[in-house]
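S.K.: I would like the entire structure built from these sequences, with the hints used as guidance.
Under the numbering used here, the residue at position 355 of the sequence shown is numbered 355, and the numbers go up by one with no gaps.
No lab work stands behind these hints: they were computed from the structure.
There may be inaccurate statements among the hints.
In silico EDC-like pairs for lysine to aspartate or glutamate, Cα to Cα no more than 16 Å straight-line [said to hold, decoys possible]:
no., residue 1, residue 2
1, 9, 84
2, 9, 45
3, 9, 86
4, 52, 25
5, 67, 4
6, 67, 78
7, 9, 51
8, 67, 91
9, 52, 29
Cβ-Cβ distance ranges computed for the label pairs, FRET-style [said to hold, decoys possible]:
no., residue 1, residue 2, range
10, 134, 40, 32 to 38 Å
11, 169, 2, 44 to 50 Å
12, 127, 8, 43 to 49 Å
13, 265, 84, 17 to 23 Å
14, 2, 167, 46 to 52 Å
15, 127, 2, 53 to 59 Å
16, 193, 45, 38 to 44 Å
17, 279, 207, 29 to 35 Å
Where is the CB? At the ideal position from N, CA and C, for every residue including glycine.
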Amino acid sequence: MTTEDLVAKLIALAVELQASDIHFDPRGDQVLVRLRIHGRLIDIDLISSFDKLINRQAIIRLKVLAKLSLAETRRPQDGHLYIEGDYGGCDLRVATIPTVHGERVVIRLIPVTSSYTTFFSLGMTNIQISQLQEVTNGVGGMIIVSGRVGAGKSTTVHAILAERARLGDSILTIEDPVERRIQDYQQVEVDERIGLTFAEGLRAAVRQDPDVLMVGEIRDELTAQIAVRAGLTGHLLLSTMHADHGLQVIYRLLELGISSDYVRQSLKLVIWQTLLPIVCPDCQGQGCDYCHGIGLSGRRAEFSFLTSDAIERHVSGYKFKPTAPSVASELNRKSGGMSVAEPGAHETKYREFSHRFE
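M.R.: Next up, the structure:
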């Protein structure tokens, strides 16, 4: 089998197994191949007929496909390619990094689907869907989707954007990088090398007469200030934050210098989410042909919502700041303005929920 065929078959297998990432780790003259499936990193030989160690030429082939410099092995590089097969289309984000063992490559797989993701299909309860629709159908304000790395924050954000796109709204996104290329709205990719930061992109986007704005992540004080201002001037603004609990979003905004009054006025909803594994029903986690020996058949999402009433209370009580995630999690569940999905209320298999879908 040629290197070209090997790489093509590896990618096809990864898509078939609903992997979110492919890892190519240098091991001497060879490369160790692993797939991340349902959040777990698995050697490829455990779930297929492929050897886990393959020729290092595979990395060169990947760099060619992603239009990366073959001569540059001392600095990280990022590339992108789109492929099609029997499995449909798939966007691949290729990232390299030099290590003492050689060049390492990780591919993020983002299957392209024409299906419309509904709030219910994400796993939200009827109460949560009503709360979310009330905010998204309103005039202006911020919705921040939070959670840990790989919790599916981007998936939720894009579901909200898709809902508004169906209404014919003007939508602009500022992303780093653009992972899903969507025809229904205009996407801007951050490029800090030329000064196109989240803050600069958002500042320019506000002047484009948008109905809805999405900034991939609020990382600094300037971005937070512009985002809040946009939410206060009639735009629906969506963003994400890495957080261990929903209350941390409020604390982060206040710590970034946003006044408590502005947080109260602009922040309409905080969504915190996590992904929980679904044990394979055929083997009960032991591993079988149905689950390719993994023991899992997918993951389901659980959401907790922090609504405006609860946001008001916690902004006012900011002096009480939990120091342990467990304390804050308990507060999340006891807040009057918080709705928490019942465990197992709705289960769904996800193709790429671990992609911030990262």
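S.K.: Do residue 127 and residue 8 keep their Cβ atoms within the hinted range of 43 to 49 Å?
M.R.: Between residue 127 and residue 8, where Cβ atoms are some 46 Å apart, the hint holds.
S.K.: The hint says 53 to 59 Å between residue 127 and residue 2; measuring C-beta to C-beta, is that right?
M.R.: holds (55 Å)
S.K.: Given the proposed pairing of residue 67 with residue 4, does the C-alpha separation stay at or below 16 Å?
M.R.: holds (15 Å)
S.K.: Quick one, are residue 9 and residue 86 close enough, alpha carbons at most 16 Å?
M.R.: This hinted pair holds, its Cα atoms lying about 12 Å apart.
S.K.: Tell me if the straight-line CA distance from residue 9 to residue 45 falls inside 16 Å.
M.R.: Since the Cα atoms of residue 9 and residue 45 sit roughly 14 Å apart, the hinted pair holds (cutoff 16 Å).
S.K.: Using the beta carbons of residue 134 and residue 40, state whether their distance is inside 32 to 38 Å or not.
M.R.: holds (37 Å)
S.K.: Can the restraint linking residue 67 and residue 78 be considered satisfied, given a maximum Cα separation of 16 Å?
M.R.: holds (9 Å)
S.K.: CB of residue 169 to CB of residue 2, is that within 44 to 50 Å?
M.R.: With a Cβ separation near 48 Å, residue 169 and residue 2 satisfy 44 to 50 Å, so the hint holds.
S.K.: Verify the proposed pairing of residue 52 with residue 25, using a straight-line Cα cut of 16 Å.
M.R.: holds (10 Å)
S.K.: Do the alpha carbons of residue 9 and residue 84 lie within 16 Å of each other, as the hint requires?
M.R.: Holds, because 12 Å separates the two Cα atoms, which is no more than 16 Å.
S.K.: Given the range 46 to 52 Å, decide if the beta-carbon distance of residue 2 to residue 167 lies inside it.
M.R.: holds (49 Å)
S.K.: For the range 38 to 44 Å, tell me whether the beta carbons of residue 193 and residue 45 fit it or not.
M.R.: holds (40 Å)
Against the hints set out earlier in the document, violations occur for numbers 13 and 17.
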